[in-house]
Amino acid sequence: MNKNIILAGVGGQGILTLAAVIDHAAMQSGLQIKQAEVHGMSQRGGAVQSHLRISDQNIYSDLIPLGKADLIVSLEPLEALRYLPYLSENGVIITATEPVKNIPDYPEEADILNKIKSSGHKYLLVDAGKIARLAGNPKTENVVMVGVLSDFVGIEKAQFEKSLKEMFSAKGEKIVALNLKAFNLGYEHAQQ
Amino acid sequence: MNKELVLGAEAIAVAAIDEGISGVYAYPGTPSTEITEYIQKSPDARKNNVHSTWSTNEKTAYEAALGMSYAGKRSLVCMKHVGLNVAADAFINSAITGVNGGLVVVVADDPSMHSSQNEQDTRFYGKFAYLPLFEPSNQQGTYDCVRFAFNFSEQVKLPVLLRITTRLSHSRAAVERKAQTSQNMLNPETDKKKWILLPAIARQRYAGLLNKQDDLVAFSEKSPYNFVVNGKGKKGIIAFGIAYNYVMEIIQEFALEIPVLKISQYPLPKQLIKTFHDQYDTILVAEEGYPVYEELLRGYFDNQKISGRLDGTLPRTGELSPDIIAKALGVKIPQKQQEAEVPGRPPRLCDGCSHRDLFEALNAALSENESKHVFSDIGCYTLGALPPYNAINTCVDMGASVTMAKGAADAGLRPAVAVIGDSTFTHSGITGLLDAVNDHSPVTIIISDNDTTAMTGGQDSAGTGKFFKICNGIGVEEEHIRSIVPLKKNLEENVRILKEEFAYNGVSVILANRECVQTAARKKRKSKNNE
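Residue numbers (my numbering), protein chains in the order written: chain A, 1 to 192; chain B, 193 to 723.
Hints are computed from structural coordinates only; laboratory data are not their basis. Possibly wrong hints are sitting among the right ones.
Result set (DSSO-like, lysine-lysine): computed pairs, CA atoms no more than 30 angstroms apart in a straight line [unchecked claim]:
| hint | chain 1 | residue 1 | chain 2 | residue 2 |
| --- | --- | --- | --- | --- |
| 1 | A | Lys139 | B | Lys233 |
| 2 | A | Lys181 | B | Lys715 |
| 3 | B | Lys524 | B | Lys424 |
Let's have the full structure, built from the sequences with the hints guiding it.
Shown next, in the form of structure tokens:
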């Protein structure tokens, strides 16, 4: 078992929480993890990414080699395109479709989606914002994406739910229920 | 299972707590900040009364850590690479005094300059000070190294350096903790000859430090952190620190069977290196940072066996990666032809940030001036260099805005304006302001005070609530310490005040105070969660 995942987004979107849930679930499943993230200056509204590697064997590099990622999971469509050179030949792109337009030269949304569709990779476009609002809070977008990707990483769905419960328990039952709902709606979306 | 998923930086913190430190001293700086933050939040550290509040700068941090060591207890001091420049006076001299309680100096380098002004390599400082240095490559190794380093420091009676880089500092993996050691008892140093660096004593101490060097090399020869991974063929790799990860990744991926000598403890184990070197026809030297040891091994007469950053086999600058190592070893990872023409998304000032309103006012106040030179400094407000503001002309080192404005004013530049953050001002700006006061230099120093050390994630700032008193106390006239609140609705008034002080032929300070929007939002969330 060996999964290389690039998590992408814009600073402030909650990539580190997204990564933390996968980390927790992988660790509880007895797997090895390495997860490199971005702190400091780039976090201020810039492009951020995290290299997440899960394996049942020793992992040496904190960085995924080019062409070796199994998955790109992005919270923003333009950011999904940024890391394409990392994707392996059979790699999959999963991206939320709502754009974050904080740069003057942001391309046409249709062009971005076309580039994803014509990349030759399997892809999954997710209106995570809509699903998050359906779950009850637009801020659960990242947890919706955990639900979407959970089926692709080789960790049991029940383990993800357990991890979410543990991680959010300090914030009270309501928050746990909200996140579980967001997760499950994401999961169901991926099943369709 | 006593495993914790932690950042490399946090692995240092966990190890230091487990090894019985009595205090950590630090000024925030990417990529070192998370070490101290972890200790501040640790219940274990709180229970054991471990000191962990922030220091005003790296020099005060270093000296406090040295004082704790003098008192017989173990201390940790952490900083980013350029922070060691600030602490260098204390650092170099502490190699001459030596230590009493164990002292571990963590320096986090930032190759590729993700959040820095240069990519200097702390291993140079290790050589410079004649001190032992550890350079672990993974999170568990970091934990083990730190625990080892405290004991080693007490054994050799020297401060011990631990060098990490951004990638290790900011990458998570599981770390297994081992049994905790209790803190040292208070046991202050009684040997005055050790600590009073009068020339006659310093000469003896320095000779003693040089005499220890052979022993330090002998320790490196036997170190568990320096070892050979066997292989076949005529080519060998010497991999230093985190470069080992990338080398092993590619060797494993492509089943290359190239022998590797891993180095994580310095000074270099000379015999181990020589034996390895003599066995192979060519040696790739993979170092994260400057080609410090490639240069040494290559030598003045250019040893042709050696390849690395100096002959173009590896890039001369920047962080290494598995891809760079793969290329150097002549292997290619199959890839789809990908076109990735994606517009950049650089960092930016947050929406609603007080610096935005300040730069808007500053640009308006300077709009009629022919000469528009704004000396600035290191912090979020350095982003004022980018559009739409393009508001600053310099960013060199902590505190330089104040002193460069003073020097430019001495040269005749009018107006000479500086923009400095609150935390940077207390770090290194106060002494420069005193220079300006003593010379009656015509400068306008704007302290953009957002009540926090924002760039590194919102740590406490040493001068919060004290800026008027500090400036007035060192001699800035009360009527030329002006307070403004950088908000859109105050734009007109703020522009007027700035213009008035630009026109003043002496030292003015503008206190531009409004809380960081990130800190404010965090506080709000916290109070909501506590309801």
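Going down the list of hints, with the structure as the test:
no.	hint	verdict
1	A/Lys139 with B/Lys233	26 angstroms, holds
2	A/Lys181 with B/Lys715	27 angstroms, holds
3	B/Lys524 with B/Lys424	20 angstroms, holds
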